[in-house]
Each structure stands twice: as C-alpha cells, then as structure tokens.
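Visitor: Sequence:
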Amino acid sequence: MDTTICLTFLDPDMKEPPDSVAVLKRLAVSKRHQRKGIATAIIDEALEHCLKYKFRAVELTTTEHHEAARNLYTKKGFELINSYHKRFFMGLVSLTLYRLRLPCSILINDKAKNGIDDDSVEDGSSAIYCHENVDPVT
0 MDTTICLTFL DPDMKEPPDS VAVLKRLAVS KRHQRKGIAT AIIDEALEHC
50 LKYKFRAVEL TTTEHHEAAR NLYTKKGFEL INSYHKRFFM GLVSLTLYRL
100 RLPCSILIND KAKNGIDDDS VEDGSSAIYC HENVDPVT
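Sequential numbering from 0 applies to the sequence shown in numbering that gives the first Met the number 0.
Be aware that a few hints might be false.
[Stated by the list, open to error] In silico SDA-like cross-links for lysine to any residue, where the CA-CA straight-line distance does not exceed 25 Å:
#: 1; residue 1: Lys51; residue 2: Arg25
#: 2; residue 1: Lys51; residue 2: Asp18
#: 3; residue 1: Lys24; residue 2: Lys51
#: 4; residue 1: Lys35; residue 2: Thr73
#: 5; residue 1: Lys85; residue 2: Thr61
#: 6; residue 1: Lys75; residue 2: Arg31
#: 7; residue 1: Lys53; residue 2: Gly76
#: 8; residue 1: Lys30; residue 2: Pro102
#: 9; residue 1: Lys74; residue 2: Phe87
#: 10; residue 1: Lys24; residue 2: Asn70
Read the hints as simulated data drawn from the structure, not as lab findings.
The task is simple: from the sequences and hints, build the whole structure.
Guide: Take a look at the structure:
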C-alpha cells in the first residue's frame, strides 16, 4: 500500500471533552507518488470526516525532517502549538517534533466564507461555534 492514514480520537492534553479531538497519524505517501496531490486529497477527506462528526479540532505531530509536510499542513490552516525534542534508540538519535492543531471553527468559517451550506454553522450569529462530537466512526 502506498498511502497510509490513521485517525484516532484522543486529546493528548485532555483539555477538550473525551473523543472531541481527532489526531491525524501515520500519513505517508510513497516517494514515487509524492507531489501529485495525494496527501492533500487525504487530508481534505480526513478534515471532511472531522467536520461531519463535529470534532472540535484536528491535531498531528511531525518532525524536523518533514518540511514539505509541515508546509502542506500550514497551507491547510494547521498552527504550531508545541515543539519539543525527543530522544530515540537509547538517546543516540534526537528529533525535534512539532505538534500542530487545526480548530474545526476554522474549517466551518472557511466553508461559510465560500458559501458552502453546513448545518453546523450557527445562523444569525457573528460567531461560529464548534459542537461537541456526537458520533465518531470507530
């Protein structure tokens, strides 16, 4: 398989209600298929899923070695919320990890700006709110 994606549903900081933050994990596209829009399509599908099931946010972690991926996530609206160093292989390898987050309110606002009708957008209000996740796919 050339593409792998996994969505889990746990807020690592436990600041959000249980099962209200989706975590995007293990997104990888084979080198021979990179730069063809595959990762963008997968991310778009994952974000649509998160909107459909009313998650409050989507988070992911990437490394210093995945600059192209970080650029793609930034274009999609993800923002850096934390960076830290982690040692692997009994301390022989140290990586900088970046934790990124995209609140669903940004996705809802983007849909509203583009004139896309969405029942999670609050009509008649200047603020747009995320609703608690009601039925995640298991």
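Visitor: Each hint needs a verdict: does it hold in this structure or not?
Guide: Verification of the hints:
For a cut-off of 25 Å, the pair hint linking Lys51 to Arg25 stands: about 21 Å separates their Cα positions. For the hint pairing Lys51 with Asp18, the CA-to-CA distance comes to about 14 Å; that is within 25 Å, so the pair holds. Distance restraint check for Lys24 and Lys51: the Cα-Cα separation of roughly 19 Å lies within the 25 Å cut-off, and the hinted pair is therefore satisfied. With a C-alpha separation of about 18 Å, the suggested pairing of Lys35 with Thr73 holds against the 25 Å cut-off.
Using a Cα cut-off of 25 Å, the hinted pair Lys85 and Thr61 holds, with the two alpha carbons roughly 12 Å apart. This hinted pair checks out: Lys75 and Arg31 have alpha carbons roughly 23 Å apart, not beyond 25 Å. Restraint check for Lys53 and Gly76: satisfied, since their Cα atoms lie roughly 17 Å apart, inside the 25 Å limit. Distance hint between Lys30 and Pro102 is unfulfilled; the C-alpha atoms sit about 30 Å from each other, more than 25 Å.
The hinted pair formed by Lys74 and Phe87 fails the criterion: a straight-line CA distance of about 30 Å is larger than 25 Å. Between Lys24 and Asn70 the alpha-carbon distance is near 17 Å, which keeps this suggested pair within the 25 Å criterion.
Going down the numbered hints, you'll see the structure goes against 8, 9, while the others check out.
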